[in-house]
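**Student:** Position 6, counted from 1, in the sequence shown is what the numbering used here calls 31; the numbers after and before it change by one each time, with no gaps.
In short, the hints are calculated from the structure, not lab data.
All C-beta atoms, glycine included, are put in the ideal place defined by N, C-alpha and C.
Since no wrong hints were added, every one of them can be taken at face value.
Heads up, simulated DSS-like pairs for lysine-lysine below, C-alpha to C-alpha not over 27 Å straight-line: (1) K111 x K101; (2) K49 x K101; (3) K111 x K49.
Pairwise CB distance ranges, derived in the manner of DEER restraints: (4) R93 x K32: 33 to 43 Å; (5) G121 x I97: 19 to 29 Å; (6) R94 x D34: 37 to 47 Å; (7) G122 x Q69: 38 to 48 Å; (8) W109 x R88: 13 to 23 Å.
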Amino acid sequence: MAELAIKNDFIQLLGPTHFLQNHKDAWLAHDIRMMEQTRQFLDQEGSDIELICPLCEPIDVLRTPAHRRAVIAPLKDAPFNALWLKVDNFGGDASGGKTIAYI
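Required output: the full structure, derived from the provided sequences and hints.
**Tutor:** What follows is the structure, encoded as C-alpha coordinates:
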(Lines of atoms letter the chains of each structure in order from A and count residues from 1; the text may use other names and numbers.)
(Lines give C-alpha, C1' and ligand atoms only; values in the text may rest on other atoms or scores of the structure.)
Protein backbone atom coordinates (compact mmCIF):
# COMPACT_ATOMS: atom_id res chain seq x y z
CA MET A 1 0.00 0.00 0.00
CA ALA A 2 2.80 2.38 0.84
CA GLU A 3 4.43 1.83 -2.55
CA LEU A 4 1.12 2.50 -4.29
CA ALA A 5 0.62 5.64 -2.22
CA ILE A 6 4.07 6.94 -3.15
CA LYS A 7 3.66 6.14 -6.86
CA ASN A 8 0.30 7.91 -6.98
CA ASP A 9 1.34 11.01 -5.03
CA PHE A 10 -0.97 10.39 -2.08
CA ILE A 11 -0.68 12.89 0.74
CA GLN A 12 -2.20 10.63 3.43
CA LEU A 13 -2.49 6.92 4.09
CA LEU A 14 -4.71 5.07 6.54
CA GLY A 15 -2.67 2.91 8.86
CA PRO A 16 -3.50 -0.77 9.29
CA THR A 17 -6.29 -1.42 11.72
CA HIS A 18 -8.42 -4.09 13.31
CA PHE A 19 -11.63 -3.69 15.25
CA LEU A 20 -10.68 -3.75 18.92
CA GLN A 21 -13.08 -5.86 20.94
CA ASN A 22 -12.03 -4.25 24.21
CA HIS A 23 -9.23 -2.25 25.86
CA LYS A 24 -7.01 -5.35 26.20
CA ASP A 25 -7.25 -6.45 22.57
CA ALA A 26 -3.86 -7.63 21.27
CA TRP A 27 -4.59 -6.25 17.79
CA LEU A 28 -3.76 -2.73 18.96
CA ALA A 29 -0.09 -3.60 19.53
CA HIS A 30 0.00 -5.38 16.17
CA ASP A 31 -1.50 -2.38 14.38
CA ILE A 32 0.98 -0.01 16.01
CA ARG A 33 3.88 -2.23 14.90
CA MET A 34 2.52 -2.22 11.36
CA MET A 35 2.24 1.59 11.43
CA GLU A 36 5.84 1.77 12.62
CA GLN A 37 6.95 -0.41 9.73
CA THR A 38 4.89 1.62 7.26
CA ARG A 39 6.33 4.89 8.58
CA GLN A 40 9.86 3.42 8.39
CA PHE A 41 9.30 2.39 4.76
CA LEU A 42 7.89 5.79 3.83
CA ASP A 43 10.83 7.54 5.50
CA GLN A 44 13.34 5.30 3.70
CA GLU A 45 11.67 6.21 0.42
CA GLY A 46 11.90 9.91 1.29
CA SER A 47 8.12 10.25 1.43
CA ASP A 48 6.32 12.76 3.61
CA ILE A 49 2.97 10.99 3.32
CA GLU A 50 1.03 11.42 6.55
CA LEU A 51 -0.29 8.37 8.39
CA ILE A 52 -3.78 8.36 9.81
CA CYS A 53 -4.49 5.94 12.64
CA PRO A 54 -8.05 4.60 12.34
CA LEU A 55 -8.97 3.50 15.84
CA CYS A 56 -11.95 1.13 15.64
CA GLU A 57 -13.51 0.27 18.96
CA PRO A 58 -16.83 -0.08 20.78
CA ILE A 59 -18.20 3.06 22.38
CA ASP A 60 -18.01 1.30 25.77
CA VAL A 61 -14.21 1.58 25.60
CA LEU A 62 -14.51 5.35 25.25
CA ARG A 63 -17.06 5.59 28.04
CA THR A 64 -14.89 3.85 30.64
CA PRO A 65 -11.96 6.04 31.76
CA ALA A 66 -9.65 3.12 32.67
CA HIS A 67 -10.36 1.40 29.36
CA ARG A 68 -9.87 4.64 27.45
CA ARG A 69 -6.49 5.23 29.13
CA ALA A 70 -5.44 1.63 28.34
CA VAL A 71 -5.99 2.31 24.64
CA ILE A 72 -4.50 5.81 24.60
CA ALA A 73 -1.27 4.92 26.43
CA PRO A 74 0.30 2.77 23.67
CA LEU A 75 -0.71 5.32 21.03
CA LYS A 76 1.34 8.13 22.60
CA ASP A 77 4.55 7.13 20.80
CA ALA A 78 2.95 5.64 17.68
CA PRO A 79 4.05 7.25 14.41
CA PHE A 80 0.86 8.81 13.07
CA ASN A 81 -0.22 12.33 12.17
CA ALA A 82 -3.94 12.10 12.85
CA LEU A 83 -6.36 9.87 14.71
CA TRP A 84 -9.65 8.80 13.14
CA LEU A 85 -12.14 7.40 15.63
CA LYS A 86 -14.39 4.75 14.16
CA VAL A 87 -16.72 4.00 17.03
CA ASP A 88 -19.02 0.97 16.94
CA ASN A 89 -22.57 1.51 18.10
CA PHE A 90 -22.39 5.23 17.35
CA GLY A 91 -24.30 6.15 14.25
CA GLY A 92 -27.20 8.19 12.98
CA ASP A 93 -29.42 6.85 15.74
CA ALA A 94 -26.98 7.72 18.53
CA SER A 95 -28.57 9.08 21.68
CA GLY A 96 -27.53 12.27 23.45
CA GLY A 97 -25.64 10.22 26.02
CA LYS A 98 -23.65 8.45 23.33
CA THR A 99 -22.87 11.77 21.68
CA ILE A 100 -21.58 13.24 24.95
CA ALA A 101 -19.44 10.13 25.57
CA TYR A 102 -18.04 10.35 22.04
CA ILE A 103 -17.17 14.03 22.32
